[in-house]
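From just these sequences and the hints, can you work out the full model?
First to last, the protein sequences are chains U and R. If you use our numbering, the first sequence corresponds to residues 1 to 411, in order. If you use our numbering, the second sequence corresponds to residues 1001 to 1087, in order.
For the record, the hints were derived by calculation from the structure and aren't laboratory data. Yeah, the Cβ is synthetic: ideal placement off N, Cα and C, and Gly gets one too. There could be a bad hint or two in this list.
Just so you have them, the derived chain U footprint on chain R, three or more residues with Cβ under 8 Å [said to hold, decoys possible]:
id	region
1	1017-1030
2	1033-1043
3	1050-1058
If you want a taste of the chain U side facing chain R, the calculated C-beta under 8 Å gives, among others [to be verified]:
id	residue
4	PRO2
5	TYR26
6	ILE145
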Amino acid sequence: MPSVDVFSPEGLFGSPHRSLRVTSGYLLRTNRPPYRSILPERVFSFSSHPHQVLCDFNLHYPLAEPCCSLSGREFIISTRYLDAAFDVLYHLVNIPRVYTRFPFDTISRHSVLDLVFVNTALSPLVSLWDTSLPSTGSDHGLCVITLKPPPIMLPPPTPHWALLDLGAVGKALESFTTLPCPQKPTPSSLSRWFDISSTRLTSLLTSHTPSKHPCPRSKPWWSPRLSSLRREYHKFARISRLDPSTLNWSNVKSSRRTYFKAIASAKKTHCSDFLFSATPRSLWTAKRFAFGRPPQRFPDLPGASDPAEIAETLLDHFFPSKPPPPPLLRLTRYEDYTSLTSEEISRALSKSWNTSAPGPDHIPYSVWKSVHRIKPSLLPSLLNPLLAHGFHPPSLKKALGIVLDKPGKPS
Amino acid sequence: MENFFTHYTDSSAVFPSFPIIQHNCLGSWDVFLSLFHSFTMLPHPPLLVAIQDPPSRRSVLPTFPVFMSFALPLLAAHGLPFMFLAP
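Below you can see the structure in the form of structure tokens.
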């Protein structure tokens, strides 16, 4: 079976894989098992790289033709190929009940003999399988398989902290009190108390903050004028479809020209305005506009093939796991501890930049400063019980780590 | 498994998508020519065409302008129905 390897040094559509293998085949009928000219094990072999198998299998496949009744022999033959595909993690791309063979005679029925399989490495890149092109004179349909970059996975909506409703938060915080700290706590009960108290507070803050909905189609250059021009163009196009006269058609053409010219002009104006008012901070945004976003790169680490495994390997390397200390049965309260005052917290917060990267709760320092300004007794009431028992809860030991890519350097 | 290798620079930068065509030509020249002319109806021309049962004349497989053919002479000599074409 011939194969073509397509190499993409920068990664196939931004993926970490640098090659794509496409294998084509035509299985002829034989009289000996497996009753087709190529063994299933030769058609499907395990590959960690993207691999696509396009074959005229000359057999009826239950998955592609779920409504078709197969004879026992046909079922056994197709099952053997199906099992071989599933064993090495190949998926069928064909849409069930979409036929690919249309016999010329009236006796035979339509069927699906041309099948496309892809392995798990390639399946995210398969965008379309289509047989809608007109006939070429063959009794087989023309199958088009389109590979595209996977759709952008948008992050979930996040709170827009700059739009925090401080008035409503102030009213809610007036009636907000921390839960009473457990008497003679164990490490787990004190940790649970802190987690519940801090979650109540962060939930209150989040509930008074509108969410950001990032959208890949956002157009900062769009204006109400463009909306009215688009409406006008569609109106003339509708009229022209109903009454295809020369006058209507010329209206469509002129409105379309005006609309597209306005879009081009708006884009140009937005770009020049952005560059005119560019600051050293927006320099990298301008570079991204000019050169596009570079494809994602991941460091090459032995034994790690995907981002999750890379993160785990890095964590194991830099923070090797230690045997846990013996658990304390009961925490002792230190009566001579010095409690935190609201002034000390104010001083500590004043040293933090508002734009510093937040921790796992994603709440920036500017919000914590506002909360502390509205109710100065709140944060000390959360932290003092921890100091009194000399306990650092596990939730405060978590941090977000990001591996930065240095452009132009090997991983 | 026989392999033929070809090289591209950067699929994501050069090609917005990677269309692949699969078709059984039934050994017919008419079907073969009709197949390549039908590419004009596609929004993007295919980058790879996998043909099963291509036509042949005196054990020579067909070619088409702009497309490169990937097939072993052995295949044509034995009339084996495999062929690859890529631009």
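Right, here's what the structure says about each hint:
{"no.": "1", "hint": "1017-1030", "in the structure": "holds (count 12)"}
{"no.": "2", "hint": "1033-1043", "in the structure": "holds (count 5)"}
{"no.": "3", "hint": "1050-1058", "in the structure": "holds (count 4)"}
{"no.": "4", "hint": "PRO2", "in the structure": "holds (5 Å)"}
{"no.": "5", "hint": "TYR26", "in the structure": "holds (4 Å)"}
{"no.": "6", "hint": "ILE145", "in the structure": "holds (5 Å)"}
In the structure shown, no violation is registered for any of the earlier numbered hints.
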